[in-house]
Amino acid sequence: DAGVTQSPTHLIKTRGQQVTLRCSPKSGHDTVSWYQQALGQGPQFIFQYYEEEERQRGNFPDRFSGHQFPNYSSELNVNALLLGDSALYLCASSSGTLFTDTQYFGPGTRLTVL
Amino acid sequence: AQRVTQPEKLLSVFKGAPVELKCNYSYSGSPELFWYVQYSRQRLQLLLRHISRESIKGFTADLNKGETSFHLKKPFAQEEDSAMYYCALRSNAGNMLTFGGGTRLMVKP
Numbered sequence: 001d002a003g004v005t006q007s008p009t010h011l012i013k014t015r016g017q018q019v020t021l022r023c024s025p026k027s028g029h030d031t032v033s034w035y036q037q038a039l040g041q042g043p044q045f046i047f048q049y050y051e052e053e054e055r056q057r058g059n060f061p062d063r064f065s066g067h068q069f070p071n072y073s074s075e076l077n078v079n080a081l082l083l084g085d086s087a088l089y090l091c092a093s094s095s096g097t098l099f100t101d102t103q104y105f106g107p108g109t110r111l112t113v114l
Numbered sequence: 001a002q003r004v005t006q007p008e009k010l011l012s013v014f015k016g017a018p019v020e021l022k023c024n025y026s027y028s029g030s031p032e033l034f035w036y037v038q039y040s041r042q043r044l045q046l047l048l049r050h051i052s053r054e055s056i057k058g059f060t061a062d063l064n065k066g067e068t069s070f071h072l073k074k075p076f077a078q079e080e081d082s083a084m085y086y087c088a089l090r091s092n093a094g095n096m097l098t099f100g101g102g103t104r105l106m107v108k109p
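Line order of the protein sequences matches chains X and G. Residue 72 in the numbering used here is what sits at position 72 of the first sequence, and the numbering runs on without skipping anything. Residue 68 in the numbering used here is what sits at position 68 of the second sequence, and the numbering runs on without skipping anything.
Worth double-checking, as some hints may not be accurate.
Now the stretches of chain X that chain G is said to cover, found in silico as 3 or more residues with beta-carbon under 8 Å [unchecked claim]:
1) 8 to 16
2) 29 to 43
3) 54 to 67
Rather than coming from a laboratory, the hints here were simulated on the basis of the structure. The model shown is predicted, which means the values in this text are computed figures rather than measured ones. No residue lacks a Cβ here, since even glycine has one placed at the ideal position from N, Cα and C.
All chains should be modelled from the sequences, with the hints used to inform the complete structure.
Structure, rendered in structure tokens:
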């Protein structure tokens, strides 16, 4: 089991563009959470998907949206990119049936907005 | 609102010295607390959680509800303990984690 995988590893965009990041959960997991980690800070919760629906959302604007597919993989979309969106985006998977299950993190996608 | 504070950005100790990484939290309910660790060029991984009350790699952490703290301790630091350590809180309202800003632990030979 490769664990949680994310793609791409890194990418560069310009202000105003849109970006899509992808995540495949750990085998057996059905819940995906997304976090943003700015340089020098801890991860900050964006939202969580379970059964293809957004179950919880952190304090992020509507420019951040997501999707979960029937195979439990997930996408994070960010529209109208701002310089401040430059960060490491982490995906974490867990078991939704065990609400308090441990979250396992992927390696992250490094987004740079110029 | 829930909040996690790690007051030290950097903690530098010599090999064999005791280590204490501080974590304070604010939350009105009964939280679940975690320590995550990130070694160089590796992904963030769970080190321990307070409900397990176990020792992992010689590290322990006790939840002190009176002081709202969850400090991570190890009696004798090893060079391989050098890493970024993040304290995190999970509320009883969901499975989202609130992280502190992290502490970089450097263990010198």
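Now the hints, each set against the structure:
no., hint, in the structure
1, 8 to 16, "violated (count 0)"
2, 29 to 43, "holds (count 7)"
3, 54 to 67, "holds (count 3)"
Hint compliance for this structure: hint 1 alone is broken.
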